[in-house]
Amino acid sequence: DSGVTQTPKHLITATGQRVTLRCSPRSGDLSVYWYQQSLDQGLQFLIQYYNGEERAKGNILERFSAQQFPDLHSELNLSSLELGDSALYFCASSVGEIWDTGELFFGEGSRLTVL
Amino acid sequence: AQSVAQPEDQVNVAEGNPLTVKCTYSVSGNPYLFWYVQYPNRGLQFLLKYITGDNLVKGSYGFEAEFNKSQTSFHLKKPSALVSDSALYFCAVRDLSGGYNKLIFGAGTRLAVHP
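As given, the protein sequences belong to chains A and B, one line each in that order. Take 1 as the starting number for the first sequence in this note's numbering and just add one per residue. Take 116 as the starting number for the second sequence in this note's numbering and just add one per residue.
These aren't lab readings, by the way, just hints derived from the structure by calculation. Fair warning: this is a prediction, and the values are worked out from it, not measured in the lab. Cβ coordinates follow ideal geometry from the N, Cα and C atoms, glycine included. Take these hints with a grain of salt, some might be off.
[Unchecked claim] Below are the DSBU-like pairs computed for lysine-lysine, each with C-alpha atoms no more than 30 Å apart in a straight line:
# : chain 1 : residue 1 : chain 2 : residue 2
1 : B       : K184      : B       : K173
2 : A       : K57       : A       : K9
3 : B       : K192      : B       : K137
4 : B       : K164      : B       : K137
5 : A       : K57       : B       : K137
6 : B       : K137      : B       : K184
7 : A       : K9        : B       : K164
8 : B       : K192      : B       : K173
9 : A       : K57       : B       : K164
[Claimed, not checked] Computed from the model, here is a short list of chain A residues facing chain B with C-beta under 8 Å:
#  : residue
10 : D29
11 : F69
12 : F90
13 : E103
[To be verified] Distance ranges between label pairs, derived from CB positions:
#  : chain 1 : residue 1 : chain 2 : residue 2 : range
14 : B       : Q186      : A       : N51       : 22 to 30 Å
15 : B       : Q160      : A       : E54       : 25 to 33 Å
16 : A       : E54       : B       : R225      : 28 to 36 Å
17 : A       : I60       : B       : S143      : 19 to 27 Å
18 : A       : E75       : B       : L211      : 21 to 29 Å
19 : B       : S212      : A       : L83       : 25 to 33 Å
20 : B       : S175      : A       : T7        : 23 to 31 Å
21 : A       : E82       : B       : G168      : 28 to 36 Å
22 : B       : T135      : A       : P8        : 24 to 32 Å
With the hints as constraints, model all of the structure from the sequences given.
Right, here's the structure in full:
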């Protein structure tokens, strides 16, 4: 058990809809990362938050947004969903300080299926 | 930009034989390199990391990795493969662009260990 909790584990929805994925990081971790894993794109970095503030952006679509709340949990919002958004979405956390060696702790993922 | 490449989509090995999963990297500065494993329907689990020091790094489940600066490689190895090692393996490099940690992952290599 990595200590990172993601909900829901599975989600099925229709094109055009909006969903929210939730992540609770490990106790004490300030950084939260979102990754998308799909068959054809591999593991893609989406976005990183540190202590409530956005820190790094990767290949995140404009239809997607995220935030990190004061209690450090994070939500990834996916809107105007398309078939191609079907994927496994991972949240990871780390201490995130400058001395952090970079090891990430991953949740079990949220599997999104868009029909 | 930092990147890693995993040249093999799949590696097949017989149980009891040694295994190698290849990874090459491209970084500016000193590389922080990682290996993660993903079992079916699970999140990524940390195996080992190289930051500095000995070129041979030992990790979880009997795995080790050899850092080779001249060949810019960080291959994952195990002396004797088990069927239970069958999984998806990811090499990753720490990216500090923007001043904050994130990991950039390779495309992954599927390891199949046959009885």
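So, going through the hints one by one against the coordinates:
no. : hint                       : verdict
1   : B/K184 x B/K173            : holds, 17 Å
2   : A/K57 x A/K9               : holds, 24 Å
3   : B/K192 x B/K137            : holds, 9 Å
4   : B/K164 x B/K137            : holds, 15 Å
5   : A/K57 x B/K137             : holds, 28 Å
6   : B/K137 x B/K184            : holds, 14 Å
7   : A/K9 x B/K164              : holds, 28 Å
8   : B/K192 x B/K173            : holds, 10 Å
9   : A/K57 x B/K164             : holds, 24 Å
10  : D29                        : violated, 11 Å
11  : F69                        : violated, 19 Å
12  : F90                        : holds, 6 Å
13  : E103                       : holds, 6 Å
14  : B/Q186 x A/N51: 22 to 30 Å : violated, 39 Å
15  : B/Q160 x A/E54: 25 to 33 Å : holds, 27 Å
16  : A/E54 x B/R225: 28 to 36 Å : holds, 33 Å
17  : A/I60 x B/S143: 19 to 27 Å : holds, 24 Å
18  : A/E75 x B/L211: 21 to 29 Å : holds, 26 Å
19  : B/S212 x A/L83: 25 to 33 Å : holds, 32 Å
20  : B/S175 x A/T7: 23 to 31 Å  : holds, 27 Å
21  : A/E82 x B/G168: 28 to 36 Å : violated, 46 Å
22  : B/T135 x A/P8: 24 to 32 Å  : violated, 38 Å
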